[in-house]
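**Student:** Line by line, the protein sequences are chains A and B.
Numbering-wise (the numbering used here), the first sequence opens with residue 233 and increments by one.
Numbering-wise (the numbering used here), the second sequence opens with residue 378 and increments by one.
Take the hints with a grain of salt, since some may be wrong.
[Claimed, not checked] Derived list of chain B stretches under chain A, where covered just means 3 residues or more per stretch with a C-beta under 8 Å from a C-beta of chain A: (1) 382-392; (2) 402-415.
[Said to hold, decoys possible] Part of the chain B face toward chain A, derived, beta carbon under 8 Å: (3) V432; (4) R445; (5) Q461; (6) A462.
[Stated by the list, open to error] What follows is a set of in silico ranges between Cβ atoms, one per label pair, in the way DEER data are often shown: (7) B:L463 x A:D409: 43 to 49 Å; (8) A:M426 x B:A453: 27 to 33 Å; (9) B:N386 x A:L430: 42 to 48 Å; (10) A:Y377 x B:A453: 41 to 47 Å; (11) A:D352 x B:H446: 48 to 54 Å; (12) B:V413 x A:P367: 40 to 46 Å.
Since the hints were made in silico from the structure, they are not lab data.
Being a predicted model, the structure only gives us computed values, none of them experimental.
Note that beta-carbon positions come from the ideal geometry of N, C-alpha and C, so glycine has one too.
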Amino acid sequence: MADVLYVATRKGLLTFARVGGGWRLVRTDFLGEPVSMVLADRRDGHLYAALNLGHFGPKLWRSTDTGQHWQEIAAPAFVASEEGDGPSVTMIWSLEGGGADRPGSLWAGTLPGALFHSADHGDSWQLNQALWQRPERAQWFGGGYDQPGIHSICVDPRDSARLRVAVSCGGVWCSDDDGVNWTCRTQGMRAAYMPAELAQTPEIQDPHRMLACQAEPETLWVQHHNGIFLSRDDAAHWQELLDVEPASFGFALAVHPREPETAWFVPAVKDECRVPVGQRLVVTRTRDGGQSFESLSRGLPQTDCFDLVYRHALEVDDSGQCLAMGSTTGHLWLSDDQGDSWQELAGNLPPIYALRFA
Amino acid sequence: MARISFTPNLQRHLDVAPCAVTGDTVAAVLAEVFAVNPRLRSYLLDDQGQVRRHVAIFVDAERIDDRRHLSDRVGADSEVYVVQALSGG
Numbered sequence: 233m234a235d236v237l238y239v240a241t242r243k244g245l246l247t248f249a250r251v252g253g254g255w256r257l258v259r260t261d262f263l264g265e266p267v268s269m270v271l272a273d274r275r276d277g278h279l280y281a282a283l284n285l286g287h288f289g290p291k292l293w294r295s296t297d298t299g300q301h302w303q304e305i306a307a308p309a310f311v312a313s314e315e316g317d318g319p320s321v322t323m324i325w326s327l328e329g330g331g332a333d334r335p336g337s338l339w340a341g342t343l344p345g346a347l348f349h350s351a352d353h354g355d356s357w358q359l360n361q362a363l364w365q366r367p368e369r370a371q372w373f374g375g376g377y378d379q380p381g382i383h384s385i386c387v388d389p390r391d392s393a394r395l396r397v398a399v400s401c402g403g404v405w406c407s408d409d410d411g412v413n414w415t416c417r418t419q420g421m422r423a424a425y426m427p428a429e430l431a432q433t434p435e436i437q438d439p440h441r442m443l444a445c446q447a448e449p450e451t452l453w454v455q456h457h458n459g460i461f462l463s464r465d466d467a468a469h470w471q472e473l474l475d476v477e478p479a480s481f482g483f484a485l486a487v488h489p490r491e492p493e494t495a496w497f498v499p500a501v502k503d504e505c506r507v508p509v510g511q512r513l514v515v516t517r518t519r520d521g522g523q524s525f526e527s528l529s530r531g532l533p534q535t536d537c538f539d540l541v542y543r544h545a546l547e548v549d550d551s552g553q554c555l556a557m558g559s560t561t562g563h564l565w566l567s568d569d570q571g572d573s574w575q576e577l578a579g580n581l582p583p584i585y586a587l588r589f590a
Numbered sequence: 378m379a380r381i382s383f384t385p386n387l388q389r390h391l392d393v394a395p396c397a398v399t400g401d402t403v404a405a406v407l408a409e410v411f412a413v414n415p416r417l418r419s420y421l422l423d424d425q426g427q428v429r430r431h432v433a434i435f436v437d438a439e440r441i442d443d444r445r446h447l448s449d450r451v452g453a454d455s456e457v458y459v460v461q462a463l464s465g466g
């Protein structure tokens with residue numbers, strides 16, 4: 233099981249580690265700075281931290297020695313237009329390795345909704361023009377933020393040229409040729425927040441989070457704004473999972489790395505309320521592709537709870553046994569038994585944005 | 378000569394010392410300091426070269442007007458001060 237956990241928070245990057253049978257906070261980096269995303273690159277051990285400085289904009293830092301030393305590197309940015317009225321990156325929202333066969337290749341999703349690629353460990357970045365120029369992008373709109381954004385990037389472990397990207401609010405976009413051509417695949421999704429005539433429109437769907445099963449990447453799970461959706465055919469068709477208790481609204485999602493039928497969610501009261509149902513925090517787990525869900529609460533607060541778990545703040549490790557979960561109210565929990573029980577690692581952290589095991 | 382100085386809050390992120398500058402516009406003055414410290418550019422300007430929303434620049438205690446082209450004049454003895462706006466905290 234994993235023995236290091238990186239925690240990206242509103243006030244810095246925290247490193248927790250297994251020490252003497254328990255977990256302990258062993259280091260704090262970027263104290264006081266909002267860390268919007270962290271990536272522990274398993275290909276080369278590099279660690280990346282995306283900062284979202286309130287005054288001075290988005291920044292990206294890299295460490296090649298697991299956080300002992302950090303170097304600021306280039307952040308994804310748009311090319312300046314002659315008139316100076318073009319877009320600017322306001323936040324790095326997602327960061328993923330570009331495939332085991334392409335060391336140093338990175339993908340970044342941003343606000344506004346753009347996809348950037350680096351071939352050199354983040355020393356330079358290029359906008360994916362093909363997705364940015366899609367005419368449907370004009371229909372995208374912000375979900376949670378003023379601007380639309382790319383929060384989920386799935387690189388097929390079998391073929392690094394196959395990319396699946398989710399946009400709030402802009403649907404699920406797929407490329408089989410390294411980002412040269414893109415198609416929007418949302419058949420079966422619906423948008424309850426739109427006029428009925430537009431509910432099936434692909435480019436206005438709001439997938440809050442999308443993940444593929446690493447062993448069987450044609451199975452994709454989506455926690456959508458108004459439900460949970462599953463695709464077993466590489467996003468060609470989506471099945472809505474109905475009657476999920478206590479709620480099918482939420483942000484976070486984790487998918488077992490080898491068992492495509494197993495996934496975890498953190499339900500909340502829709503839409504704007506966004507607290508645990510009955511103010512009792514639970515994690516829901518399915519082991520049968522969404523035919524049934526278990527509600528897991530052992531070790532989690534069951535009264536007066538306000539914790540919300542953001543889309544990148546539920547994480548499962550490579551073994552599929554260990555899960556971590558961080559909340560907006562600064563609680564950090566860990567489970568060594570697939571969510572059956574949880575232990576609180578910390579209860580007074582800043583709001584937690586993202587987690588990564590290493 | 379004119380001088381430019383920076384909010385101490387920038388020092389958390391990179392070294393920026395006050396220095397003498399010769400440019401006669403804010404754009405020219407910033408170009409001078411960016412030539413010495415290229416990282417500073419993205420802290421003060423967005424991707425399009427405009428002053429970041431939550432950064433403020435003063436010339437002789439007057440907040441600059443032209444945040445897009447940075448054309449405000451800088452005199453031979455002016456004091457240019459770069460600060461963070463409280464709105465971005």
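**Student:** Is 41 to 47 Å a correct range for the gap between the Cβ atoms of A:Y377 and B:A453?
**Tutor:** holds (45 Å)
**Student:** Please verify that hint: B:V432, Cβ, nearest Cβ of chain A, below 8 Å or not.
**Tutor:** holds (6 Å)
**Student:** Regarding the hint that B:A462 lies at the interface with chain A, is the smallest CB-CB distance below 8 Å?
**Tutor:** holds (7 Å)
**Student:** Tell me if the beta carbons of A:M426 and B:A453 are separated by a distance inside 27 to 33 Å.
**Tutor:** Hint violated: Cβ distance 60 Å, outside 27 to 33 Å.
**Student:** For the range 48 to 54 Å, tell me whether the beta carbons of A:D352 and B:H446 fit it or not.
**Tutor:** violated (33 Å)
**Student:** How does the Cβ-Cβ distance of B:V413 and A:P367 compare with 40 to 46 Å: does it lie in that range?
**Tutor:** holds (43 Å)
**Student:** Counting residues of the stretch 402-415 of chain B whose CB is closer than 8 Å to a CB in chain A, do you get three or more?
**Tutor:** It is violated: at least three residues are needed, and the stretch 402-415 of chain B offers just 0 whose Cβ sits closer than 8 Å to chain A.
**Student:** Would you check whether B:R445 satisfies its interface hint, that is, whether its CB is within less than 8 Å of any CB in chain A?
**Tutor:** holds (5 Å)
**Student:** Taking a Cβ-Cβ distance under 8 Å as contact, does the stretch 382-392 of chain B have three or more residues in contact with chain A?
**Tutor:** holds (count 5)
**Student:** Between the beta carbons of B:L463 and A:D409, is the distance compatible with 43 to 49 Å?
**Tutor:** Hint holds: Cβ distance 47 Å, inside 43 to 49 Å.
**Student:** Return holds or violated for the Cβ distance of B:N386 and A:L430 against the range 42 to 48 Å.
**Tutor:** holds (45 Å)
**Student:** Report holds or violated for the interface hint on B:Q461, using the least CB-CB distance to chain A and a cut-off of 8 Å.
**Tutor:** holds (4 Å)
Violated hints, listed in ascending order, are 2, 8, 11; each of the other numbered hints is respected by the structure.
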